[in-house]
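Residue numbers (my numbering), protein chains in the order written: chain A, 1 to 414; chain B, 1 to 414.
By construction, these hints were calculated from the structure, which means they are not laboratory data. There could be a bad hint or two in this list.
Just some of the chain B residues that point at chain A, by a computed CB distance under 10 Å [stated by the list, open to error]:
(1) Ala7
(2) Ile25
(3) Gln39
(4) Ser287
(5) Arg344
All C-beta atoms, glycine included, are put in the ideal place defined by N, C-alpha and C.
Protein chains: 2
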Amino acid sequence: MRAEVVAVGTELLLGDIINTNAAMIARALADAGVDCRRQVVVGDNPERIAAAITEGLDRADAVILTGGLGPTQDDVTREAIATALGRPLRRSSEIEQSLREQFGSLGRPMPEMNVRQADVPEGARVIDRTFGTAPGLIVEHEGRVVYAIPGVPSEMRDMLARAVIPDLLARAGGDVVIRSRIVRVAGVGESSVATSLAPIWDSLGDGVTMAFLAAGGEVRVRLTAKAQSEGDVDERLGAAESAVRETLGRAVVGSGDVTLESVVAEMLLARGWTLGCAESVTGGLLSSRLVSVPGASRWFCGAVVAYGSEVKEAVLGVANPVLAENGPVSAPVALAMAEGARARLACDVAVAVTGVAGPQEQGRPVGTVVIAVVGPAGSIVREIRVPGDRSMIRTLATTAALNLVRLSLLEEES
Amino acid sequence: MRAEVVAVGTELLLGDIINTNAAMIARALADAGVDCRRQVVVGDNPERIAAAITEGLDRADAVILTGGLGPTQDDVTREAIATALGRPLRRSSEIEQSLREQFGSLGRPMPEMNVRQADVPEGARVIDRTFGTAPGLIVEHEGRVVYAIPGVPSEMRDMLARAVIPDLLARAGGDVVIRSRIVRVAGVGESSVATSLAPIWDSLGDGVTMAFLAAGGEVRVRLTAKAQSEGDVDERLGAAESAVRETLGRAVVGSGDVTLESVVAEMLLARGWTLGCAESVTGGLLSSRLVSVPGASRWFCGAVVAYGSEVKEAVLGVANPVLAENGPVSAPVALAMAEGARARLACDVAVAVTGVAGPQEQGRPVGTVVIAVVGPAGSIVREIRVPGDRSMIRTLATTAALNLVRLSLLEEES
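Could you put the whole structure together from the sequences, leaning on the hints where they help?
Structure (structure tokens):
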């Protein structure tokens, strides 16, 4: 079973909104084991929408349209389906009545414009509305199928889960199951991960593939398996994940929905410890990633963003001679910042990050980052060099700091 | 001039990531007056990428590819361009050498895999890298053009602005000039802005349009003008901007490339003042937005992220009875936090943000945010209520805090 997604909306082509709907539908299709090889965006133009439908049906078993089902003149997805499939639009008195009743129950008359939402291509089945006013459509055509669901994300998600995916699965008839799993890796570059994993390609077995995606200082290894049953797929993914973990060892952060920060949170909670930060180069980014984990107040104390040397001294208690002798981007200063944060914030583990984000060098080259972690079992300091502009350097420094906290907690375990 | 966007990446088809690149490119094209009628997403498959290129060149003058230029085996955009245009790939010894030098300067050998990034389709021009390792490509073909830029957003943005848009504009020639200008507005909702500006529509004149986009607690008013010459366009945009400013007054943050934080930075620099923060609900997000301004160290001292009440007391010196009587999300606590930050961080102006991001209420409903600004001329406290989930509440609280700093500085001016 193969499907394509066509998102309709001039606002997408102008970049006024981001196409989160396509990602949402893509994930639902991947989870259902439906192969999707193309997503398309077209504007509110009936000929171009119709062309996208026709091309999609040439390549795939199903086309899922989202958007263009509203009541205004620029909502033309209904007309486009009628054109593409060569069928007239018929006004459904049943939908018209239900629309009038819906407005009536809100105590206002239906704008006459809305009656367009009762027009359906001949032979279409209607997907009932839970929210909103736009009904969805399922139109079978010469052994293939076109779905049309609204562009409003809440309405789209509802009809996708309730009608489109079940209908697709019923059509697929359970021949092949496809599933993916993400294994997250930190502290190693994309090409090193790919090189390390190259030898295990052959052992992954039939129907299992690997892909790599680097972002923000982490690498995501995506394992995809295809098999006859859910059980088979899970078994293949499990074996592949084990092989990846065995090869990459502690560089593996976790698999599935975890993030570096959620893994650090779990490790801290398991030990009953709290964490605090002293941030220079990252300027608050590390803290904001930590508090993005729900329930962060159980293990996150707070942070001191010590951007200037005065704050490092006055608030964190970094001694002036240490700063003067070593410069602000140095192992002794990072250590003193972490120790200061641990004392001031009264936390069990403290992490400090100092570095040079540029554009000016500060005694050290742009991209130099020094991280220190101080905890119950001792301290670790690490100096790294990261590429990029200010924003990327800060992102990579944040990821490296989170990873050093993770590694230090693993260390205390062993 | 008409262009299409092809985003390459199986991770997009699986919904692992959201296609923000397409929106970014779309906006840049719209701002440059280049018509874009279709966006396509295809996976890491050379035949399907090649098919998307061929189809795109049938419909448009230019195809902009993003993604698939990395060093690993699944990065096949180079090969796909070669296939689509029927040209061989040639290894560029110049790019190879510069890649080796780049790795050398980071003190590590280049993985042999990376040499693939030196392969370019015959006759292509290379877009030099600012970051990363992937060079971009400009390939002219039978009067049309294919651009290939990386999928990593920072690298993509850089090459788009520096090479792709200027090249497209040069090709478009100068029959009609279309330019857009963004006027940023804070502290007022999208529909209020649209309602306030409704009366000026008619006075904007021929060929000038307005569009509204709300994001992250700000509203962007996009003014677009079309005329025969640059001078005419600039004059129309200038007149339209004046009309908008006159109507919206102090809600206007600025126009063009400014941000709330860059405007605050300029105002502080003009007064020779420094800024510090006390953050509770925003957890470091406010600081990280401030330090994103280049040269922030000239006016930004630092911050205390006081997530727990202990830190509010111990580091910021918020008195226990003030906390106990009013609760952590209250005007007296916000004021005490700002005063504490002003004293501890030794800054001229301090801003404090406290609030409830949820999911649990904390004596006050989820979405309650209290902001205090304390400066040489006195203090302001403001309580607001913002919608959304944890992440949106923190974003909106950050924007509101920056805007209150801006308004307090404007106040001192008048």
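Could you work out which of the previously given hints the structure breaks and list their numbers from low to high? As far as the earlier hints go, not one is violated by this structure.
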